[in-house]
Structure formats: C-alpha cells, structure tokens
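> The lines below spell out each chain.
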Amino acid sequence: MRKFKLIVPIVIMTILFVVSFMLQSKYSSLILENVNGGNVEGIISKQFIIFGSGFAFINVLIGSIVTCFVVIFVILVFVLVNRRKMEKRAKLKSELTEVYQSKILDALEGNGMTFDEAEEFKKICNSEFKKAILTNQIIDVALMLPKDKLGLLREFYLSMGLLFETERKLKSRKWHNKIKAMKELSHLEIKHFNNLILKNINAKNDTLRMEAQIAMVRLSDNKNPFEFLEHLDHEFSTWEQITLHELMMESNMEVPDFSKWLVSDNHDVGMFCLRMTREYNQVEDVENLRNMLYHPNEEVARFAIEVVGDLKLSALSTDLKKIYKDEPYYNKLEVVKSLGKMNNPKTIQFLQHVVDGEEDTQLQIEGVKAIRNCDDVGVIALQKMLDSDYRDYKILIKHVLDNRIN
Amino acid sequence: MWFFINFVFFFTLLLFIWYFGLGYFSIKKLRIYNKKNTYTNYGYIADSPLSPSVSILVPAYNESASIINSVKTLLNLHYRNFEVILINDGSTDKTFEIVKKEFGLVKTNYFFDYRLPCERIKGVYKSKNKQFAKLTVINKNNGGKSDSLNAGLNVSKNNLVVTIDADSIIEPDSITKLVKPFLEEKKKKVIATGGVVRILNSCDVENGRIKKINLPKNFLAAWQVLEYTRAFLLGRMAWSQLDGLMLISGAMGMFDKETIIGAGGYDINEIGEDMELVVRMRRYMAEKGEKYIVTYIPDPLCWTEVPSDLKSLKAQRTRWTRGLVSTLNKHSVIFLNKKYGKLGMLGYPFWMFFEWLAPLFAFIGVGFTVYLGIDGVIDWRTFFLLYAFIYSFSIFMSFWSVLFEELTFHKYDRKRDVLKLLGIAFIEPLLYPMIAFFSVVGNIQVIRGKTGWGTIKRTGT
Numbered sequence: 001m002r003k004f005k006l007i008v009p010i011v012i013m014t015i016l017f018v019v020s021f022m023l024q025s026k027y028s029s030l031i032l033e034n035v036n037g038g039n040v041e042g043i044i045s046k047q048f049i050i051f052g053s054g055f056a057f058i059n060v061l062i063g064s065i066v067t068c069f070v071v072i073f074v075i076l077v078f079v080l081v082n083r084r085k086m087e088k089r090a091k092l093k094s095e096l097t098e099v100y101q102s103k104i105l106d107a108l109e110g111n112g113m114t115f116d117e118a119e120e121f122k123k124i125c126n127s128e129f130k131k132a133i134l135t136n137q138i139i140d141v142a143l144m145l146p147k148d149k150l151g152l153l154r155e156f157y158l159s160m161g162l163l164f165e166t167e168r169k170l171k172s173r174k175w176h177n178k179i180k181a182m183k184e185l186s187h188l189e190i191k192h193f194n195n196l197i198l199k200n201i202n203a204k205n206d207t208l209r210m211e212a213q214i215a216m217v218r219l220s221d222n223k224n225p226f227e228f229l230e231h232l233d234h235e236f237s238t239w240e241q242i243t244l245h246e247l248m249m250e251s252n253m254e255v256p257d258f259s260k261w262l263v264s265d266n267h268d269v270g271m272f273c274l275r276m277t278r279e280y281n282q283v284e285d286v287e288n289l290r291n292m293l294y295h296p297n298e299e300v301a302r303f304a305i306e307v308v309g310d311l312k313l314s315a316l317s318t319d320l321k322k323i324y325k326d327e328p329y330y331n332k333l334e335v336v337k338s339l340g341k342m343n344n345p346k347t348i349q350f351l352q353h354v355v356d357g358e359e360d361t362q363l364q365i366e367g368v369k370a371i372r373n374c375d376d377v378g379v380i381a382l383q384k385m386l387d388s389d390y391r392d393y394k395i396l397i398k399h400v401l402d403n404r405i406n
Numbered sequence: 001m002w003f004f005i006n007f008v009f010f011f012t013l014l015l016f017i018w019y020f021g022l023g024y025f026s027i028k029k030l031r032i033y034n035k036k037n038t039y040t041n042y043g044y045i046a047d048s049p050l051s052p053s054v055s056i057l058v059p060a061y062n063e064s065a066s067i068i069n070s071v072k073t074l075l076n077l078h079y080r081n082f083e084v085i086l087i088n089d090g091s092t093d094k095t096f097e098i099v100k101k102e103f104g105l106v107k108t109n110y111f112f113d114y115r116l117p118c119e120r121i122k123g124v125y126k127s128k129n130k131q132f133a134k135l136t137v138i139n140k141n142n143g144g145k146s147d148s149l150n151a152g153l154n155v156s157k158n159n160l161v162v163t164i165d166a167d168s169i170i171e172p173d174s175i176t177k178l179v180k181p182f183l184e185e186k187k188k189k190v191i192a193t194g195g196v197v198r199i200l201n202s203c204d205v206e207n208g209r210i211k212k213i214n215l216p217k218n219f220l221a222a223w224q225v226l227e228y229t230r231a232f233l234l235g236r237m238a239w240s241q242l243d244g245l246m247l248i249s250g251a252m253g254m255f256d257k258e259t260i261i262g263a264g265g266y267d268i269n270e271i272g273e274d275m276e277l278v279v280r281m282r283r284y285m286a287e288k289g290e291k292y293i294v295t296y297i298p299d300p301l302c303w304t305e306v307p308s309d310l311k312s313l314k315a316q317r318t319r320w321t322r323g324l325v326s327t328l329n330k331h332s333v334i335f336l337n338k339k340y341g342k343l344g345m346l347g348y349p350f351w352m353f354f355e356w357l358a359p360l361f362a363f364i365g366v367g368f369t370v371y372l373g374i375d376g377v378i379d380w381r382t383f384f385l386l387y388a389f390i391y392s393f394s395i396f397m398s399f400w401s402v403l404f405e406e407l408t409f410h411k412y413d414r415k416r417d418v419l420k421l422l423g424i425a426f427i428e429p430l431l432y433p434m435i436a437f438f439s440v441v442g443n444i445q446v447i448r449g450k451t452g453w454g455t456i457k458r459t460g461t
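These protein sequence lines map, in sequence, to chains A and B. In terms of my numbering, the first sequence opens at residue 1 and continues consecutively. In terms of my numbering, the second sequence opens at residue 1 and continues consecutively.
Simulated from the structure, these hints should not be mistaken for laboratory data. From a predicted model like this one, the values you see are computed outputs, not experimental measurements. Worth double-checking, as some hints may not be accurate.
What the hints assert, rightly or not - Chain A regions said to be covered by chain B (calculated; three or more residues, Cβ under 8 Å):
(1) 67-74
(2) 394-402
Claimed, not checked - Reference listing, derived: stretches of chain A covered by chain B, where coverage requires no fewer than 3 residues with Cβ under 8 Å from a Cβ of chain B:
(3) 243-251
(4) 265-279
(5) 361-371
Each residue gets a CB set at the ideal place from its N, CA and C atoms; glycine is no exception.
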C-alpha cells in the first residue's frame, strides 16, 4: 500500500501531461486552419510558423522572461541605492540623536526655553523624520530624568504640540502607531487618554495588547497597577506575564495582593496570580490556593500544585494526597515533587506507597527524592527500604542520594 | 516533442507559481515579525526567574578539535535557566577524555531510565567544579545522532529541549528567541520551533563567537549561502505561515519533550532524523486531536559549516534525499489526508512533488533533451526560450531572497559580498543538473538500501 501511494504523484503528472497536450491540440488546430487558409498576417499565425504548434506558450514564456528580467533589474538598483540610502539615514540619525538629546537637556535646564530655542524645535517638527527622532529622544530623556524633573519635560513636549500627534497615532488603525503613542504617554505620565489605552488590553494583536498592559501599569500612580486584570478577557501569555513582572521589579512598584484575582474566570489571569503569589510569597489566602488545586483546567491545576510545593504549604499536603489518585500523569508527578518540597515527615507513608505502587520510574525517583527531603526521618525510611525484600531500591536510592545529580 | 515541452512547461509553471506564493507569504510574515521585534525586549526573558528551564542536547562524535570551545560557548549563553547535556556517542578520538579533563568530570550514581531507546550508557558525569554545574556529560556506546539525542532526552530535566550540532556556532540570544513562541502561543500547543541556519565558512570566529561575517571565498560554499537564504527566508518562513512546516533543521531547534516522548522519540534507524521527528510529532498531535503548531523564527540562530568540495556536497545531498524518501515513505498515510490538516493537504504533497520528484523529472528532462538533440528532432529556438524562462525565474527568486536579506537582517556588511551573491544567482541555475544528479544517486542508494551518513570534509573557518 505504501509503495502504491508513491505512484500517485506520477499518475497525477501523467494526467497533467495528457490534458496539456489535448488543450494544445485543440487550440492549434484552429490556427492551423487559419494558416492553411492563407491568412498568415496575424501575430499568432506568424508565431505558429516560427515555433510550430506551441505558440500559445511562447507568448506566455516571452512575457514571463521579460517580466523576470525587469524585476531583477529593479531589485538590483534598489539593493544598490537602498544600501547607500540606509547608510546615510543611519549616520544622520545617529548625529541628530546626539544633537537633540543635548538640546532637550539644555532646554530643561535654567528657566525654560528661549524664543530662539523654541523656534528651532518647531522647525525640527516640520520634518516627519526629524520629529520621530526628537520624540524618541524625549522618551529616552524621560527614562534618565529624576521624577521631579519629569514635569518640565512633559511641558516641553506639550509646548511642541506633540500631544496632538500622539493622539492621532493612538487613534490610528495601525497597531505600531498605537504602540508608539502608548509608549510616549506612559513614559511622560500623561493620563489624558487612559480610556483609549484600556480599550487595547483585549486587542487581538499580542504586541499591542502587551504594550497596553505595560502602559496601564506605568500610568497607574502605584495605587492599583494591576486593575486592568479585572478587564482582561483575552489570553494572557506567559511572555506578557514575564514582561509585567520584570516591569514591576524595574520600577520598584508596590506589590498588590494577587490572591483576589486567583479565582478569575480568565485562566491565564489565575496562572499569573499563582506566579506572583509564589514570587512575592503571598501565603495569607490559603483557601484560594486550595481551590486552585481542584481547578478544572489540567494545566492550571498542575501549576497550582507546583506553586503550593514551592511555597512549602504543608497545610495543603492532605489535599495533594487526596487529588493524587485522579490526576493525569504529569500532575501526579508534580504532586510527588511538591510533597518533597514540603519537608513533612507525615507524607512519608504516602510517598512510600507511591514508590511501591507505581511502575513509572520517574514517579519512583521523585518519590524517593521526596522521602529523602524529610531529613532524618526520611533517611531512616530510605534505609528501611534498602533493607526491604519487597523490591530492589538500591539503584534508585543511590541515584537520589548523589548530590551531584540533583 | 510538444509532449515533452508541454510537460516541462506545466510542471515548471506550477512549481514557480508555488514558489512565488511562498515568497508572498514569507513577505507577509517577515514584515509582521520584524515590526513586532522592534517592541520586544528579549532581555526580560533572558534574565527573568519566571522563564522556563531549557535542556540543551549536544551529540558529539569525534569532535575533539572543537568540543571544548563549543561547550564553553554554550555554558555562557545569555539565558537564566538551562542545562547543557553533552552526549559522547562512542567517539573513537579523545573527545570524552578531553572534556573529562577540562571540566573535571566525575562519574555519578545515575539511574538511567531507558524511556526512549538508545545504546548502552557507560556513565553519566558531572563536574566537581560548581562553575560547571550546568553541564552533564553522557558517555555511551556509538549509536548515531538519533540514538544520542534519545539518550539526552532520557537524562534531561526540563520540558523544553534544544538540540544542536556540536560543531555549530550559536548566537548568544538564540535560546531566548527560540523560547518566545512557546511563551506567546496560548490557543495551540507549540511542539517545536526552528530558526535560520547560516553558513559559517570564511567567517572570523573567536572564542566560539562570530567576530566578522564574510561571504565564503569558496564558490560552492558561497552558492550555498544563496541557497540557504532562499530556503530559510522564503521557504520555511512561508510554510510556517501556512502551518505546513515539516522540517526543523537538525543544526538547531527547540522541542516540547512531552510531545517527543509521546511520539516515541527519535527513530534510531532514520537517516533524516530531523524531518522524520517533526512529521511524527505532527502526526501524533493530529491523531490525538490536540491543537498544535510548529513555529519558525526568521532570526539567524546558529552558524554551521557547509561542504566546500564536490565529494562532500554529494555525500550531504544524497543523504538528504535518502532521508526525505524514507520519511515520505514512512508517513505516506498523511498524503492528501484531511485528518492531518495542512500537513496532509499542502506540506506533504509539496515535499513529494517538488522536493523529491522535481529533481528526478529535471534529470530525466536533461537526458531526454540530449536524446532529442542527437536525434535532430529538437526545435532549438523553442528549447532556448523555455530554458530562458526557467533561468530568468530562478534568478528572480534568488534576487528576491537577497532583497529580503538586505531589508531584514542585513548580515553581509560589504557591498561587494552582496553583489557577489547576486552574481552567483546568474550562475546557480547552471548547477541545477548537478543537484538533480545527486538526487538521482540518492534515490538509487535508497533502492540499494544504503545507510550511513557518509563523510563531510570540514575545512575550519
């Protein structure tokens, strides 16, 4: 059967071949009548005389060849010109970046801009290319500037009439323009358009969505930076979650209590809050964490099991033991690992059952590791297992006790 | 005569329309990717404690000349959570001894779980020096690349695994870039991600890092730069957009371990293990009825040396053909099977018609043309017109890919290199009969049941 399948494309090719021949024959016979009738003035009839019955293809071939060579020539010219253009542009950009940055810093010092300085900046804003560099520089300066001087920079930005431009970009249909606008607003802490930004937190475009989230956090005034989670219906990828976490660490913002969003209808929000609960060791709300262990989504439940272990919440070890039996393989593995992290001698009996009862080597290894983690009681239990006639655990225990491996 | 011309014309036209379409999809995806990249902070993911842990598997066979540099480069990658697993595949030189001495390795009491089949493991080693805590070395009997990767998978601790060739040079941010699709996608499970492989010949390398990128001085290697640029930027990019990607280069790729194990791991008898694994993983997911995706990123992630002499090139290309035929044959159930989605309806037929059969047809075509020429039946005007069509379109596609390269990654700084690359585009179509010949040889080897990789001469950079 397999070998037969390989013949199929050959059969298809043969059919294609025959069909093309039939079409050609039909078409050429009409022209042949024309030529035989003495009418050889038409271009097709002439081609027929030069190339025979394949004239239909000849036109297509000549047309394709000409098109290809024209495009080749255009690409060649473009590559040569574009390279020079790009080099020039990069050089100009680097020069202007330096000049504009020092001009902005000069304008912020002392008692504001002089009339001449203001006129010069307005001139810069007449060119789109230069205006984009100036705006980028304003953002760069905003990142370097101490908080108390940000107001001056904001005033400078507003006086250049750049806010109008930002609003236009924010309302643009192009996602990258919206992002540029959100970056400008969030770095300069301009809150006029928060409602427009909030609309983008459920955008289809993941980059736009993420930038909207970042902007909302930056513009939150530290009161409730993660308020947007309540409005988030869309997927919330791990990438977005990591970016927000890094942003939190970068800006030293006040950490909210994430447990209130653990029960969010959006599973991704739940996962994010589990991550943050672990990162910031928020163990006050054990009940919500317990509920997460019974989460209907397998992936969320598995992650909750991992987090409970990382937080060493021994109070939930009974729940872990309870759910073990009905969980899928990878969740079971996570339960055993988590029990091991808890360092709770009360779990040893359960773990011994896992090691004895399970056939899967990974579960056995994790079970033995978990027992070893229970300090002296664990070591005694392992010793008993070594002496046991029930199974030969020697290799497993040796593996687990080798600190270089684990 | 016209039978032949019609056939060649239609087949070539179909092929060109297809390539043109692929080029279109590539542009679309590349533009979006590059724009999004402008707003991506890869530093966040590289440094975050929340980033997933990754296991890097490096099979090594007789790599004593370069292994220390390779391992040191890997240990210095810019990523927070990773382990490097070096698998010495029964090297007959001193690869293992050199590594053991350099990194102060000692044998552990590792309990080896043969979840995936592989040759006997002689030992699992760790370093006494905490500086190299991320390194694990497996010493095993020789079994080939697939066998070594299975051994590495058995030892790896993490669910994301990267497979790389020991002689490849890795970009410092490659792991971060590969991991991104796994973190971004929520609707479907990402089972594998690949990236662009670039050519290392003639580049300046220092301490395992590329210092200066040069176009190879050797013509064959320089021609392969053009070939790789076209394949990676126009071909795979588009296949990724069409969800029909069937191949992730063996030089570097990231995989979901759970899916690999579910699919049965690498087939140790397979010569084209990289393609076969991706197809099998896709089959496994489709048969399970789970939504999945194989992604591809257009960033250059790793650099590898390509053959620069005809003998090595022939060995490589015939091996590729054998791998392709074997994979197509093994998974023929996918062909035009709706159950496998775009893989069955688009990806598989493409590889069958245009990658496997096209060189065979081309070779037959050349033979037939010679026969007609000797017989005096050939109409040379039509013949040259047809050839001019094929020739001009081939150059057009190559130019297009160089344009892409220029507009996106711009890796070749010197204008001379780019012009040389464009110049090669004019010569390249003349080399096609040679490639078609290698493909025919590969097919003959399949019929004769040849196995093994053949030898590829390394020149060093």
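> So, for every hint listed, does it hold in this structure?
Here is how each hint holds up against the structure:
Residues of the stretch 67-74 of chain A with a Cβ under 8 Å from some Cβ of chain B number 4, which satisfies the need for three, so the listed coverage holds. With 6 residues having a Cβ less than 8 Å from any Cβ of chain B, the stretch 394-402 of chain A passes the three-residue criterion, so the hint holds. With a cut-off of 8 Å between beta carbons, the stretch 243-251 of chain A has 3 residues touching chain B; three or more are needed, and the interface restraint holds. Counting residues of the stretch 265-279 of chain A whose beta-carbon sits less than 8 Å from any beta-carbon of chain B gives 3, enough to reach three: the coverage restraint holds.
Given as covered by chain B, the stretch 361-371 of chain A passes the check, having 3 residues with a CB less than 8 Å from a CB of that chain where 3 are the minimum.
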